[in-house]
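> Please build the complete structure, drawing on both the sequences and the hints.
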Amino acid sequence: MKLELNVNGEVRHADVRPAELLLDVLRENFGLTGAKPGCRNGDCGACTVTVDGWPMKSCLMLAVEAAGKAVQTVEGLGGTPEQTAFVEKFAFQCGYCTPGFIMNVHALRRIHPQADEAAVRDWLQSNICRCSGYEEIREAVECVLRSRPPADNEP
Amino acid sequence: MEAIGRSVPKKESFDKVAGSAMYTADRIEPRTLHARLTISPFAHARIAAVDASEARRSPGVRAVLTGDASDVLIGEEIRDRPVIARDRVRYNGEIVAVVVADTEAEAMRAANLIRVRYEPLPVVNDPVEALRPSAPILHEKLAEYQKGEGVVSIPGTNVASIIRVLKGDMDRGWAESETIVENRVSFAPSDHAAMETRSASAEIRPDGHVIIETSTQVPFAVKKFMARYFGIDPGWIVVRTPFVGGGYGGKTAIQLEAVAYLASRAVGGRKVKLVNTREEDMLTSPVRIGLDATVRLGSTRDGKIRAAQIVYRFDGGAYNDKSSDVARAAAADCSGPYGIEHLHCECLTVYTNHTFPAAFRGYGHSELTFAMERAIDALADELKMDPWELRMRNAAVPGDTAPTRDRLTPSNLGDIRTCLNRVRSLAEWDDWQVRQVNEHTVRAKGIACFWKNSSMDTDATSGAILLFNSDGSVNLVTGVVEIGTGTKTVLAQMVAERLRMSVDRVHVKFTVDTLDTPEHWKTVASRGTFLAGRAALKAADDAIRQLKSIAAVVLRADPDDLELAHDKVFVRADPAVQIAVKDICYGYKYPNGNAIGGQIVGRGYYTQRRMNPLNPATGEGTPGPEWNVGAQAVEIEMDTRDCSYRLVKAISVNDAGKVLNPKGALGQVTGAMAMGLSYASREAFYYTDNGTVLNPTLRDFTLLRFGENPEYVVEFIENPCLDAPFGARAMGEHGLIAMPAALASAVSRAAGVRLNRLPLFPETVWRAKNGGIG
Amino acid sequence: MIPFDFDYYRPATVQEAVSLYARLDREGKRPLYWSGGTEIATFARWNRIYTEAVIDLKAVPECRALTVGDREMTFGSALSLSEIHDSGAFPLLGETGGGIADRTSRNKITLGGNVCSRMIYKEAVLPLLLADSDVLVAGASGVRRVPIGRLFDRSMRIGRGEFLVQFVMDAGYRTMPYASVKKRKASAIEYPIVTVAALATGSGIRFAFSGLCDFPFRSAEMERILNRRELPAGERIRQAAARLPAPVIGDIKASAEYRKWVWTITTEDVLKALEPQA
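Protein chains in written order, with this note's numbering: chain A, 83 to 237; chain B, 4 to 777; chain C, 44 to 321.
Bear in mind the hints are in silico, worked out from the structure with no lab data behind them. Any given hint could be a false lead.
[Stated by the list, open to error] Pairs of lysine-lysine residues, derived as DSS-like cross-links and limited to a Cα-Cα distance of at most 25 angstroms, are as follows: (1) C:101 - A:151; (2) C:303 - B:772; (3) B:652 - B:666; (4) C:101 - A:84; (5) B:512 - B:585; (6) B:541 - B:585; (7) A:84 - C:72; (8) B:661 - B:541; (9) B:387 - B:307; (10) A:151 - A:84; (11) B:551 - B:585; (12) B:592 - B:551.
Listed below in structure tokens is the structure:
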């Protein structure tokens, strides 16, 4: 089927099977390989993107379900506070889980800028990092939530 | 300006947070064909028939491969493993057929259409079972297999490898012992669970070049072994490895590369890509080794250990690959960081119907440490002695010998006593070790020590090349794979320090391409900073020598009178006489157009000194360069009703030799601690009685999540290793090693029962407490 | 990656959805209603499910309704568990649903989808059972309203081609004291050993359980026993355990013995929390 998707603010077209998952269309059709397959089972969060601002596991979503919605991938961020914080806090090692974490934190900052510790934990437990002990990620999230109110004009 | 000792962010940082860092499976090309596997649902069965006719007719299918695609046997230590199972499967997940199709979905659809008729065979489900005389023999042709140096098998049994380590006089040791304890531990295999599943692609070019792209820690070993396995001259094999999404030892085995190669061969050399599903990554590709071990310790009444008798029964899985070498590493360091004069270790690696193991972070050391540290705790109980005190009294010191009879020196041995002293203080060990918080809540602490040598080929080598850019900045090329350890940034720091330039102006090449990258033996064993670091420093020195040589001509000075710093070469006694590096790194051009010299290429290499293999009959040898050490502690809080517990605090004091990048080092240690705690508290495969795995997903094989981690307290002491760059000791694995033992110690103390099995699930603890087996 | 192909439909009305199902079923497409779709997407990968047509219910406005009135509150079946949680409309439902999977997955998992899951847990049904919810079920003959007690027996007993539209319950339940406790084997994110949900109404404490047996349930008989305040809590729980509707399950998460023990202490904690202390 012909599919029109709004990805990172751009209108993109793809000819895909309706059974195709958003993750595969982003990667195979658009070359947006920032979303990573880690389990294809909704367990690890490495494929997290945002859809209308909500973090979504792109392995659990049909591409066609995202039609008419705003899909954002890590490639579309372009220098957000969470990206900077992850660098400054050394919040990754191998980097494979990083785009998923960053998309989740990005959504958290915009949806719940005042998130308390319990909410941060609830959200961040959606992603697995196998390299770090999570402490640097916690510091990065804290730094992002503490330092910046959400601005509407930035990505 | 100083680059060493500064928290330089990883050079790949911005690529990684922008999602533009490329991993093997991220290469998307329309011309590539896709492979999918059919894997065995049985742990042990005869393959009676494979019917691929329907799969071959399925749309988009270009080839279907079964066991008869190749009769080559592969494996690093023992060549016992077919690339695709032939006649028989020996583990749940073993590759039975491979489908190559235009798209992954088509390949997957066809793989589902392959009909295999299995005749199940009796299963060997753990190493103890494997050693029973009545056990089914998994490799009847064990005697005929090609084996690596020092591998001693016992044909006619399931013993793939037997190693003995003998030191001192056991009779004397026992005679001098007033107290003897025996403790047995066990744990099942588990998984590396790197977030990036393994993947590989292969193509055979018309000119005969075999191009392999693979998610591996060992591209040069892939080249070497693929050449050996398939009779190809190494020059015709090119292996490329971009960023790797987590290794932890799991990406050291050669498996998918061989599958992809056979698949490419079956489709006329076209490029074929194979990406493991998570389930395949857990079932089909190598796992972490399991162990059943008995440690018997003899001690004087005042806690001086006189004798140790150790038996390891490693779960070597269905094929040997590196399992016997992991076992060898454990045997070589079997005493742990203690000076024990009389020692006897028997180390068996046995075949079972489990997935074969690969290296796992620690390479046998968290395994040996768990066995030894649990025995030490048992001895402390028996002696009614503080477990910290018992460890302190026996800590190895320079002048002692290792189990391999190597003499320990202040350089080749880290400072255990200082680590122990610091952990005692940081853990507030003397204040309390267990205390009741309220009616159902108890807090408890546990401590443990570790040491680890690096297991490596005796001629393991690393090379480095330094190239200059016209702005005077440099490009550093090494064969270290960037698996997340930040090693390439640390190497850049070393080069910057030596060239006295800004680390920002040292560019590094991330992708390893065996065609143009100097070899780095393997990105394993926490050896990157050491081997590649020495090579990079040598390359820097080589470049400095060349820069001075040409500057000497331009400045009309003796090269010995020159210094390099701040991108300039100048006369030491008169810095105003100077020339910029950028003006000489491509040779020097005089105002009249005459030129001298040429582009400067710095080169360096390093091979570890005076290594020799371990004698499997006696344990003598020098299989590793130095023993790095640390002491660790864990504090937990337990609900005594259901024995569920929370990780409160984890402490690690490591002898770092020299901390090169503080935040990087901290991340390596806390990450390793988390992995050790996750492993010890929740990670293991569940096998049915038939040897099949019940939990090959991240849903049922659970890993530590955000917020479940403890508070980390990490301290480094700096007792330099004289051979290492800037004195820095190995760091990548060591935070993990004693965590399982420390956790078991804390949980045992909280539950009031001695626990010797991993993982420490609350139910396991509850059962032990209620009279079952810990 | 889903290896087989299916067609995707996105009806805008209840009627359209029902008719689509009937037609696709007649054509032999083995249609499935798709709400969050997370279970279908993951089961499909391993051929544990098959379909040639999915009917996405998320564009049906009734399925997306969330209203809290003076008398009744309504939750559409295609609301995500996160939407329900964040709305704060019915904290017991929000929190119990909030224990399922992980937060990001719950942005996709829907109330209706969880309640109709093929897995044994279906934890989101517990609050619906406790609040005596009515269920609006759409089918060929229109939408019918059925008390959940008559519809849910181990799983949702709905007919071929029917789907859940809404859950409607008395708004009074939203302010009653409640407890929702999920006990897991070891990890923060995994299926439960046991989930205990309880609601303190004027006429006693209601209990519903998931994970204990191989289906979620609320048992009137067990509730009666658990509310016999003249007996010590431990004794009540022991007696209630004898009235379980099915054997306690043993699996890789917990043995039956341990699971029952965890259920015992969790139920005890819940009683302690919700029962006015004598």
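> Give a verdict on every hint.
Now the hints, each set against the structure:
With a C-alpha separation of about 13 angstroms, the suggested pairing of residue 101 (chain C) with residue 151 (chain A) holds against the 25 angstroms cut-off. Between residue 303 (chain C) and residue 772 (chain B) the alpha-carbon distance is near 17 angstroms, which keeps this suggested pair within the 25 angstroms criterion. With a CA separation close to 19 angstroms, the supplied pair residue 652 (chain B) and residue 666 (chain B) stays within the 25 angstroms bound. Our distance criterion of 25 angstroms between C-alpha atoms is met by residue 101 (chain C) and residue 84 (chain A), whose separation comes to about 21 angstroms.
With a CA separation close to 20 angstroms, the supplied pair residue 512 (chain B) and residue 585 (chain B) stays within the 25 angstroms bound. A distance of roughly 21 angstroms separates the Cα atoms of residue 541 (chain B) and residue 585 (chain B); the hinted pair therefore holds under the 25 angstroms criterion. Straight-line distance between C-alpha atoms of residue 84 (chain A) and residue 72 (chain C) comes to about 21 angstroms, which keeps the hinted pair within the 25 angstroms bound. Between residue 661 (chain B) and residue 541 (chain B), the direct Cα distance comes to roughly 19 angstroms. Compliance with the 25 angstroms bound is thereby established for this hinted pair.
Only pairs whose Cα atoms come within 25 angstroms are accepted, and residue 387 (chain B) paired with residue 307 (chain B) is accepted, the gap being roughly 13 angstroms. Only pairs whose Cα atoms come within 25 angstroms are accepted, and residue 151 (chain A) paired with residue 84 (chain A) is accepted, the gap being roughly 16 angstroms. For the proposed pair residue 551 (chain B) and residue 585 (chain B), the alpha carbon gap of about 13 angstroms is at most 25 angstroms, so the pair holds. Proposed proximity of residue 592 (chain B) and residue 551 (chain B) is supported: the alpha carbons are some 16 angstroms apart, at most 25 angstroms.
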